[in-house]
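Protein chains in written order, with my numbering: chain A, 1 to 872; chain B, 1 to 684.
Misleading hints may appear alongside valid ones.
To be verified - Straight line, CA to CA, 27 angstroms or less: simulated DSS-like cross-link-like pairs of lysine-lysine:
(1) Lys477(B) / Lys594(A)
(2) Lys137(A) / Lys594(A)
(3) Lys476(B) / Lys594(A)
For the record, the hints were derived by calculation from the structure and aren't laboratory data.
Chain residues, written in single-letter form:
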Amino acid sequence: MDMPLPRVHMVRKKTTTENSHLLLSGADSIELNQNSSDPSMTSFVEGAERSKSSSHSLKEGLEDSGECNRLQCISSTPIDSSQRQNVSNAKEGSVKQDKFRKDLSLPFAVSSQRTRHDSSHIPKSKQSWLLRLFESKLFNMSLAITYLFNSKEQGVQIYIGNRMFTFQDDDVDAYLPQLLNMYVQMRDVAEAIHAYIVQRCRKSVEFAIKTTWLLDAYTVYQTQTGSKCGQGVKLRNAIINDGLVPRTNNKSMLGHLALSFNNSGSHHLQSHSDLSPRVNKTFVKSHSRSRSDATGMMNFTLTPSPTDPILISAAMSSNAAGYLSMGNNAAGDLMSGKAFDNGCICQQASYSDMLDSILRGSACKCCAPQLQPEMEFVTALMNIGQRLGALETKEQRTRHLIAELGMLNLNLPARVWLPVNRSTHMVVRIPATSAVVLNSKEKCPYLIYVEVLETDEDILAAPLPPRIPESQLRLSHSDEDFCPSPTIYDEPSLKPFSQPMAAVSSDMLDDQDCWSQEDDDIITFAMKSRASDTLSQYSYESSHSADSKDVYVTASDIKRRLTESLQRPGGRKNFKRDPDDPSATAMKEPWHQKVHRLREASPYGHLANWRLLAAIVKCGDDLRQELLVHQVLLQLQQIWKEERVPLWLRPYTITVISADSGMIEPVLNAVSLHQIKKQSETSLLQYFIQEHGPITSEEFLTAQRNFVQSCAGYSILCYLMQVKDRHNGNILLTADGHIIHIDYGFILSISPGKNLGFEISAFKLTHEFVEVMGGIGSDMYKYYKILILQGLITARKHMDRIIPMVEIMQAGSDLPCFGRGVSTIRAMKDRFHLNLTEEQLQELVDNMVESSLNSLTTKLYDGFQYFTNGIL
Amino acid sequence: MSGDKNLSRKSSAQNFKEKVVKYYEAIFQDKDPSNGNGNFWSEFFLLRANIEALQTQFTTISSHDVQSIKPNINEFFVRCVSCLSEPQSMRTVNAIQTLCGLVKGAFAQSKGSYGFDVIDLLIGFDQAESVMQKLIDCLQKILSSRESAVSLKNICLRFLLTIVTLTDNVSQNTLLEYLMINSIFDALLLILSSSTLRCNHGNDSVLLLILLVQYRKYDSTNPYIVNLSILDNDIALNGLSQIIALSLLGYNRQYREKLTQQKSTGLMSSFTSMVGSMFGSDETSKVKFKPDIPLLLALYECVHLNRNFVLALTTSHAGGNFGSTHSLTSDPADDLPPAIPRASEVPLSQTGELDQPTNLLATFIEYTSIITHDVRDDANFNVSKLCFIILNCVSEDHYANSLMHDPNINFRIPIHRVPMRHRKLSMEASPPSGPLACAVLELQVEFLISHMMKQMPAELYTLSLSAIHRLLVYQKKNRVRLSYPWKSLWAALTNLVKYILSNEAALIKVCNIFVMAQQVVNIFNMFITYGDTFLSTPGSYDDLYYDLIRRHVVYDNLYALALRYANNDEYKDHSTRLVHSLSNIRSVINHFCPKVDSWAKVNHLSSLTEEQVLEVVKTNYETLTLKLHETLDQFERYSEKPKESSFFMHMVRSLVLEVREKAVITKLEQTSLLKEFTTVPTET
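Only chain A is shown next, with the shape it has when bound in the complex (with noise of 0.2 angstroms):
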């Protein structure tokens, strides 16, 4: 039975120890298997048939039916070429297409001969054992990405790459960071995900452009460098050309596509020079340059005039230009009110008629840039951010945000989206002056609240709710204005009810015997022209007030509604407003209870599927760290989950935007420690029991046990990766509870303070946690150990989930948390203690734990914050 696990080795050529676990889960499944007698056999029909199934769902996937061949060659029966040209043939398809098939098949084709050539002295059935491996029910994408990574047979490669097809769309992009920087590293991984990653870009707009950013990101340390322009911005620019993104399945569009991916795939990725002269940020530029020379004859002469559907379609093979000419060309300027208009007129009736006749399909088919306006968008945000930055005071910078967000609300609706969130709703509207800055001294993130439409259609396709002006708000609100609404202002006397009005109360300031008769009337008058319900209110005040002539009230009354009204808003207590730290109120202010505020608020708040998203916008920051503790993290979490551990962490959603930009979920209901101690004074217990209740409370115990949940579940992460810079500034505590772990710009081979080593313990455990815990040697905090003994245990036990994700993300990285290159890597596999049993794994817990409450350097570091920030 142990057999299959030595013969993997083998054909792996880069095989390290710290695979092992991997390995034998890998062994496992084949054992599973091998409970036919046969295990040839066995492996070869079920590979058969399961090479068929796949093959199925590639048809759907590729719309090009080719790629069984490749899988039929790696069921290890060899297929001579000219029956392969026979299969191939037979399916329909332009010439160009099965050009593009046969190249991208040939180099596989020739490779698995190779290895089976080179691997002659492995007998031919053990080939198929990492082949039965890849086609079980248990390779998953963490292990494609290991094998792509480890693997230099070319063969495994474009298998994994094609196998990668049959994933779900949401596995595949939980390892995209991985994909894509090994894309950009390696250029034979390159190769073997091209075709994949090309694939979901037609396919969906939101892939694009989340590539894109990637790519970006990762590309950075290369155009930085100056050395050779790799496959990476290649790909990026032939993305952002638009060449790669959905389009209809308009023939000659497939045949000018297949064009790009037939060279690329044959030449090595180099055709797309052509599409994208230029390179990276310059290309930026001349962008919007070219777009502003189309400015002149576009900006009037966009009416939509019957052009013939042909031209159009033959602008859209062409070239980019032909996009541009097409498109708005007031994309990107704020002040048009259009800048997130990609000029797209399919949404327009006469205009979808027409090219419906020719062009099937629901995308967009005006060959409009479709991730203009996304991108235009998210660059809005980010300049806003860089602009931030230049000011000093917080107010200052908020005033400018709010000024700044209300300009950009000008160009809403518009068919982007929040990328924090999937792509399914469309931004309609940002309350600018809900937007907060956030406690950062240098850069200047921001949190936007954004309200959106969800729709379930893809959000090019979907109508463009149309822009209600904010004043229509007053319609429903407004409770004393009787003026009609400004659309029935047509009538010649502009104010047809103000001069009755004007009549009638010409002194009712003097005189209220005068005024409690005419009441009656104006509020007939003023029923006929309005909706009744919002009047309901002012007759039902007025009418009550004429009823009695003479009302006498006592002072004391007054003075006691007085006080009660102020004190009514008590229970959980909002902070105070703190012009220096704009972030507390907002952050502190219940969800719930600010959606309900904001949607009463909104013009858009009447239609039902309107939501309100977050998100942090930083401008200035990598991000890229966050995103590798991100992946981390939900690793983590999906690992207690299955073993039942009850450990609590809470992954927030990065997007990496470029390497200094980018977007994070804000977490909802949650301050930081910092603004606690400051805005309560009290210790945290004191504030437990004040927020939660006394401490036998239900709601205090639930409370503490989310406390001691997540601050186990985050004292691992913190100790496997090293986290550091643990002020309390960038620890929050949610409203249930639990503790929450924020920041990651100092992780595994880097900390704050040119690694001098400020935080040496393991993680920040202050006496403050404990107490809340209720003490050295309570319960909760023996249960504390225990947690961390069991996540340790269990999160050992799948580590090769989590070092491969990491040590994929350090090849070629110039992030600063692999300053220290491989043995970075090493170090942290080291944490894992693999060599430990339980209870020297125990003894291992308890140590840390009591060192790290007694650490001097964790009080040295919250002092040496306080002194520098201010952070309490």
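Mind docking chain B on chain A? Use the hints.
Here is chain B on its own, set in the frame of chain A:
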């Protein structure tokens, strides 16, 4: 006889006469200038137009000749118009200028004829409609075309401004009827919506729009009013507000600069100026500048007519946003100043001065605080009144109020104070940051305390008090608890009453002091009976009582005054009403004053500290009954007609005179225009 006159002119200026003038003369002498030359008109417009000469030609016409030369002039006019529809060139410019001269001359010649005759003389009744339509179409095309040069657009706008300002009273200008039929609103809107166009033509467009809005405002359907009031294009509205804000901002900056200059002159001068001010002339330390009537009128019309403008009023503009995010505007050619500058003298948009984001309302509040310094000057008084009317309109609007009270929209708005004898002028380094409503209140309080002078601007006081009242009504209705130091307001109000009392004899001649006092008392009644709905701390309610008790003599006197006039026929109604509404203040005073006195007696104290009085107040609320005045939260909504219509007629009239003066094209400009058109050929 007329021939003789012309002959003599001819002989005297024979040698210097330009060719074009000769042609003018020919036209006005009922001759055919073309003289059989088929290309005459196309050549004619190549000649540089001489507007003055053309205008003087009209003075030579006697009433006899009118009928005979009318066909000639009509032909001339039509030629000009048809020249506009040709591809743009120097000819277009000359044609527009010629039209300017024609229109101006004709109107100058026929004084007070309401323009009917003029139209007949210029175009001829039978074809007037079609010709004017063509003319306006051409102008609109030039204005909205991307290709037309900046100067051409400017000259176009100037021509339109010339037309609009032909008569002192806009409504009497019959020519405007054609602009009503063929609306150029869309072209103006286009200019307002585009950031580059706005930069070059924004002011003139706004000016034109505002003047067009004035045309028979009250008695006809004016499409500009209709369009402006239903306009909901945020971009255009924001553009509008930016143009206004930019101009006001320029004035504010100018004021601040002068202020700092004065400050920096040193201790000695400040001492001398203090001494100087002791002798009554504090003019020296005041900074004067010409008020910006056109754009304030524009602001008024927008606020008054358009409900959607409120948002633009409170949308912050950040410096960078005046342009675009991309460098679309940074075309080097655009940086050159156009040959024809704009008619309105408004500081050019410099993004540098807009480092601080601000919004129109904030800018406007600061501006108002400056302009109200000196209301003795007639022009300043009018502008102040306009500003206060705008503030009233704004504080009447629910949505505007909700934005003004939004705790998230904070601004630091400097409220500039007048230097006065009894207080030192200390310019705070940075004014407190708060919602806009706070700034409005502060502005009003500042106005109230700084204008108690012999010629009391009663009208402004009334407006100021009603603005305060409107804000309070909003706060009461929506339970908005603004953290504002109400004590300053109470003190100002009480001081006002005190001033009225002591200058009763003088003031009663100029204004109805009872109405004003009534307003003050109403505001106090709001606090007394509805304080629970909008005060921000329980303590401030106590403070209110403390203030009333402390200054009870003032209200006793006011009560006495009102009683005194109860039998006066003229003021009977007003004074009884005042007596009536004083009931609450009187019950407060009558309730607490004896209690405070007796408390002092019991404790053997001659005078009490504030805390002691407050203690008495707090313990004695129980037994005090107050009357609820129901109509406290009602106010007469602002309406321009009939109350203010004469005021606005007057304002518009002065605006017309001002614009008319500026909307001429001088020789110098013509020369540079010529240069521009020869060096920068328009691509046609």
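Against the structure, the hints come out as follows:
Proximity of Lys477(B) to Lys594(A) is assessed by CA-CA distance (about 22 angstroms); at most 27 angstroms being required, the pair is judged to hold. With a CA separation close to 45 angstroms, the supplied pair Lys137(A) and Lys594(A) exceeds the 27 angstroms bound. Proposed proximity of Lys476(B) and Lys594(A) is supported: the alpha carbons are some 24 angstroms apart, at most 27 angstroms.
The structure fails to meet hint 2 from the earlier list, while all remaining hints are met.
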